[in-house]
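Participant: Read off the chains here:
Number of protein chains: 2
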Amino acid sequence: MARKKNSSADVTGPRIRAAALRLFARHGYAAVSMRQIATDVGVQAGTLYLYTADKQSLLFDLMHKHMQDLLAELDALPQAHNPLDGLEQFTRFHIRFHRARSDAVFISYMELRNLEPENFERIEAMRRQYEAHLGSLLARGKAERVFDISDTKLAAFAVIAMLTGVNTWFRESGRLSLAAVEDIYWHMVRKAVGA
Amino acid sequence: MARKKNSSADVTGPRIRAAALRLFARHGYAAVSMRQIATDVGVQAGTLYLYTADKQSLLFDLMHKHMQDLLAELDALPQAHNPLDGLEQFTRFHIRFHRARSDAVFISYMELRNLEPENFERIEAMRRQYEAHLGSLLARGKAERVFDISDTKLAAFAVIAMLTGVNTWFRESGRLSLAAVEDIYWHMVRKAVGA
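Protein chains in written order, with my numbering: chain A, 159 to 353; chain B, 159 to 353.
Just chain A, with the same shape it has in the complex (with noise of 0.2 Å):
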C-alpha cells in the first residue's frame, strides 16, 4: 500500500481503513465511493489516493490484515500439551477474535464476492491455512483415539461456523458473559468431536 511519507501518515491511514471498514460493513461495499470515505475521514477525495490505490485495495487490505492477525495470534498462541487441550484454546480463541472484530467478521464473508479474482485467491488461501491449523489438529485427536470424527475437513468446518456464529446473537449486555459463552460452546465442541 503507498503511504504518504510525513508526520500524519500513522494517524490517517489507520482511519481511512476504520473509516471504510465501518462504512463498507453498514452499507456494502459496492454502494460506498471513495468520497464518502474521504468525507467520513475528513479530508479530500484526492488525499485517499496518497494512502491506497483505489477502493479495491482498500477492501483487500481490510480483509488481508484480517487474516494476517488472525492467523498470527493463532501462532502466538502456547503449544497445547495435547489435540485436547489445543482444540480448547482453538474454540477459546476463535470466539474472542471474531467477536471483537465484528465489523471485519462480516465483510469477510460478504465482501468475498467483491474481491478481483487474484485478490480473492490471496484471501482464500488464508482462510484455507487457517481451517487447515484446526483440520490438522483434529486429524492428531482422531489418530489418538481422543477424539471420533468420521471427516476431519468437516468438522473443521462445521466447528468454525458454530463458533462464528456467537458473532449473530451475542450482545455484551445479554444474559451470559462472553467467558460464559466460551465454556458453553467449549462442552458442545468437545462432544462435537466425541471427546
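Note that these hints are calculated values from the structure, not bench results.
Hints are not guaranteed to be accurate.
All copies of an identical chain are treated as equivalent in the list; a pair is satisfied when it fits inside any one copy or across any two copies.
[Said to hold, decoys possible] Subject to a maximum C-alpha distance of 27 Å in a straight line, what follows is the list of computed DSS-like cross-link-like pairs (lysine-lysine):
#1 K300 <-> K349
#2 K349 <-> K311
#3 K349 <-> K213
#4 K311 <-> K300
#5 K300 <-> K223
These figures come from a predicted structure and were not determined experimentally.
Starting from the structure of chain A, add chain B where the hints point.
Facilitator: Coordinates of chain B only, in the frame set by chain A:
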C-alpha cells in the same frame, strides 16, 4: 404487495423477485437500483411499480417469503416419534432447505441491516420462531435425559450456525454428495447434544 390484475402478473411478478434476489445477492441491496432490476427483467422501470411499492418492499417480500417457506416446510414435516428422531429430521431438513436457496440465505443474513425497523422486527420474529422450534425440541430431549445440553437456547444457535455453514463450502461437484454431508453433520449434531 400490489399486483397487476392481468394474465402477465403470474409471470412478471416472480421474474421481478428472481431478478431482485440475484442482483441483491450479487451487488448488495444498496448498490442495486429499481432501474437495474427493470432492465434485468426486460420491462420499463415504471412497470416495476405495478408489482411492488418500492425497493424496500421488494427486499422485505424476498426475506418474508424465505422465512414463510421455511416455517411452512418445517411445519409440514411428519411428526417425529421422539426428540432424537426430531433432531435428525431437523438437521437434514435445514441443510437441504438452505442449500437449495443460497442467494436467499445470503441476503437474509447480509441485508438485515437494510430492513426498515418494522420490517426487521417481522423477519426477526419469524427467525425466532424457527429457533424456538429447535429450542423446544432440545428442551424436550433434555427433560427426557436423551440430550446432555447445558443451555438449550445456545445449543439451538450452535446447531443452526453449524448447519447453515454448509452453504459456504458445499459444491455439487465436490467429493461428497449432499446426502453424505447430511449423514456426517447428523453424526456431529447428535454428539454435540450428547446423544
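Participant: Would you mind marking each hint as holding or not holding in the structure?
Facilitator: Comparing the hints with the structure gives:
Taking the closest pair of Cα atoms, K300 and K349 come within 27 Å of each other both inside a single copy (14 Å) and across two copies (15 Å). With identical chains, the CA atoms of K349 and K311 are at most 27 Å apart both within one copy (17 Å) and between copies (17 Å). In this assembly of identical chains, K349 and K213 lie within 27 Å of each other by CA distance neither inside one copy nor across copies; the values are 44 Å within and 45 Å between. In this assembly of identical chains, the alpha carbons of K311 and K300 lie at most 27 Å apart only when taken from the same copy (12 Å versus 29 Å across copies).
Taking the shortest Cα distances, K300 and K223 never come within 27 Å of each other, neither inside one copy (32 Å) nor across copies (43 Å).
Hints 3, 5 from the earlier list are contradicted by this structure; the remaining hints agree with it.
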